[in-house]
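Engineer: Residue numbers (the working numbering), protein chains in the order written: chain A, 1 to 254; chain B, 1001 to 1259.
Just so you know, the hints here were simulated from the structure itself, not pulled from any lab data. Check the hints yourself; a few may be wrong.
Now the stretches of chain A that chain B is said to cover, found in silico as 3 or more residues with beta-carbon under 8 Å [unchecked claim]:
| # | region |
| --- | --- |
| 1 | 103-112 |
| 2 | 164-172 |
Using 25 Å as the maximum straight-line C-alpha spacing, the simulated PhoX-like pairs for lysine-lysine come out as follows [as the list claims (entries may be wrong)]:
| # | chain 1 | residue 1 | chain 2 | residue 2 |
| --- | --- | --- | --- | --- |
| 3 | B | LYS1077 | B | LYS1117 |
| 4 | B | LYS1098 | B | LYS1070 |
| 5 | B | LYS1008 | B | LYS1070 |
| 6 | B | LYS1070 | A | LYS166 |
| 7 | A | LYS166 | B | LYS1008 |
| 8 | B | LYS1117 | B | LYS1098 |
| 9 | B | LYS1117 | A | LYS166 |
| 10 | B | LYS1077 | B | LYS1008 |
In this text, a Cβ means the ideal position worked out from N, Cα and C, and glycines have one as well.
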Amino acid sequence: MRWARAILPPVVFGLVAIAAWQLTVTAGRIAPFILPAPSAIWDELVEQRRNVWEAALASGENALIGLVGGTVVGVLAALAASRFRPLAEVSIPFAAVLNALPIIALAPLLNNMFESTSSIPRRLVAGIIVFFPVFINTLRGLREVNPIHQELMHTYAASGWTFAVKVRLPGALPHVFTGLRQASSLAVIAAVVAEYFGGLQNGLGSRITSAASFTAYPRAWAFVVGACLLGLAFYLTTLLVERLAMPWRTRLIA
Amino acid sequence: MSAVVVDKVTKVFHPGRTDEVVALSDVDLTVGDGEFVSLIGPSGCGKSTLLRLIADLIPPTTGTVTVVGKSAGTARKEQAYGIAFQQSGLFEWRTVLKNVELPLELRGLSRAERRTKADQMLALVGLSDFAGHYPAQLSGGMQQRVAIARALAVQPPLLLMDEPFGALDEMTRERLQAELLAICAQTGTSTVFVTHSISEAVFLSDRVVVMSPRPGRITASIAVDLPSRDDAGRQSPTYFDRITEVRQALRGTPVKSTP
Chain A
1 MRWARAILPP
11 VVFGLVAIAA
21 WQLTVTAGRI
31 APFILPAPSA
41 IWDELVEQRR
51 NVWEAALASG
61 ENALIGLVGG
71 TVVGVLAALA
81 ASRFRPLAEV
91 SIPFAAVLNA
101 LPIIALAPLL
111 NNMFESTSSI
121 PRRLVAGIIV
131 FFPVFINTLR
141 GLREVNPIHQ
151 ELMHTYAASG
161 WTFAVKVRLP
171 GALPHVFTGL
181 RQASSLAVIA
191 AVVAEYFGGL
201 QNGLGSRITS
211 AASFTAYPRA
221 WAFVVGACLL
231 GLAFYLTTLL
241 VERLAMPWRT
251 RLIA
Chain B
1001 MSAVVVDKVT
1011 KVFHPGRTDE
1021 VVALSDVDLT
1031 VGDGEFVSLI
1041 GPSGCGKSTL
1051 LRLIADLIPP
1061 TTGTVTVVGK
1071 SAGTARKEQA
1081 YGIAFQQSGL
1091 FEWRTVLKNV
1101 ELPLELRGLS
1111 RAERRTKADQ
1121 MLALVGLSDF
1131 AGHYPAQLSG
1141 GMQQRVAIAR
1151 ALAVQPPLLL
1161 MDEPFGALDE
1171 MTRERLQAEL
1181 LAICAQTGTS
1191 TVFVTHSISE
1201 AVFLSDRVVV
1211 MSPRPGRITA
1221 SIAVDLPSRD
1231 DAGRQSPTYF
1241 DRITEVRQAL
1251 RGTPVKSTP
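Using the sequences and the hints, build the whole thing.
Structural biologist: The structure is reproduced here in structure tokens:
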């Protein structure tokens, strides 16, 4: 019952919104090149499902590799920065500059550095975008150590490395996942948008631009829906991994 | 051999600065083998500081601390003592069993040995059924029992406790006091116990050491000889006499000489 009460309102709201959209477009006679009706988008999505699926796989692969790579580098960098204070002082402003940089804007430059059939530029863009939230959140978590835990590990004569692995890192996990939740959606956005700037034409981003340039707007929208579902899949997977990685947490969103 | 010898120890925080604090001044304390000693005094009298010196969590400014015949630093590195604080300080990402296993893990014991010892300790504090639970699923009293089991896991000759029952309700507190005494009797562990409850100190201890603040020093050492350490002991005249004696010592009025 409680489950139904949590699920029902957003589902009803979503259905009403789509119905209103459909009604506005058909009754208001809005030109399909401005805003196609949901029914038209749905028809395209069904017709193009193979293409959408394949393009989503290609973009998803880039996003996933960027997400994993950026996360690994982010966590390792945070571990290093938490161990050596001077390193943190140097790296935080550096990371902030990196974050302020419109990283997507690097895509055409990166495309230039690699072959036109290479997927590396998109993966790099996704990885760089993922790095910042993971790094900052993990570093914050690593620094917030319960003073009693610190004293206890001191009484156990634990080395700095043991302390980092057995106390700092598990204690920082909630923060790591806060970063990962932001990063998982960002990775998909980065991987899709990076395709707008040329390079290999196999992902959702390139399908959206090519459909739009052929004025096939419902088809472009169908690929947008695909990108939306891909981002959702990434986010939900992150939540699932979070749940599995922290079984001691009784609530998912704390 | 004495479990703890504190010899002419002075501790000054921030020496030479405007916020200089003399936390302990010329403290001598000896805890015999198997003895249960409570440190009692008002807030800021340096009782926790004294415990931390024994634990080698902070160094003394002058004087020496000897723990089971070794320097405090060596004793810490050899895990010659177990320690428990007011907050249980359990690692929330480890199960109850894994929490108790941690000190054994850091000693390099094999998985099977760790498991056996941790199981024994959990049985000792009556929590065998909760081995697979996470700390967040336990009550405050149960968490504190896990912390005690963890402190005893390496079977240290000395147990250091800093107000371990301070955050618990009276009922739980009395039950845990009785359990602690049974455990100490069973394992033969010497104990230094910091508290600011007079009744707790008298009930648990062989000797109550009374401290006064600014600068922290030992003002009295009162031997407690209860006929028994149970509910009957809590009702005995000796119990109330010793409580009065400790209370007077805390107030600074001269202690009546007991014949």
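Engineer: None of the hints should be skipped; say for each whether it holds.
Structural biologist: Structure-based check of each hint:
1. 103-112: violated (count 0)
2. 164-172: holds (count 4)
3. B:LYS1077 - B:LYS1117: Judged against 25 Å, a Cα distance of about 20 Å means the pair holds.
4. B:LYS1098 - B:LYS1070: Given that 25 Å is the threshold and the Cα spacing comes to 30 Å, the pair is violated.
5. B:LYS1008 - B:LYS1070: 17 Å, holds
6. B:LYS1070 - A:LYS166: 28 Å, violated
7. A:LYS166 - B:LYS1008: Given that 25 Å is the threshold and the Cα spacing comes to 38 Å, the pair is violated.
8. B:LYS1117 - B:LYS1098: Roughly 11 Å separates the two Cα atoms, so the pair holds.
9. B:LYS1117 - A:LYS166: 20 Å, holds
10. B:LYS1077 - B:LYS1008: 23 Å, holds
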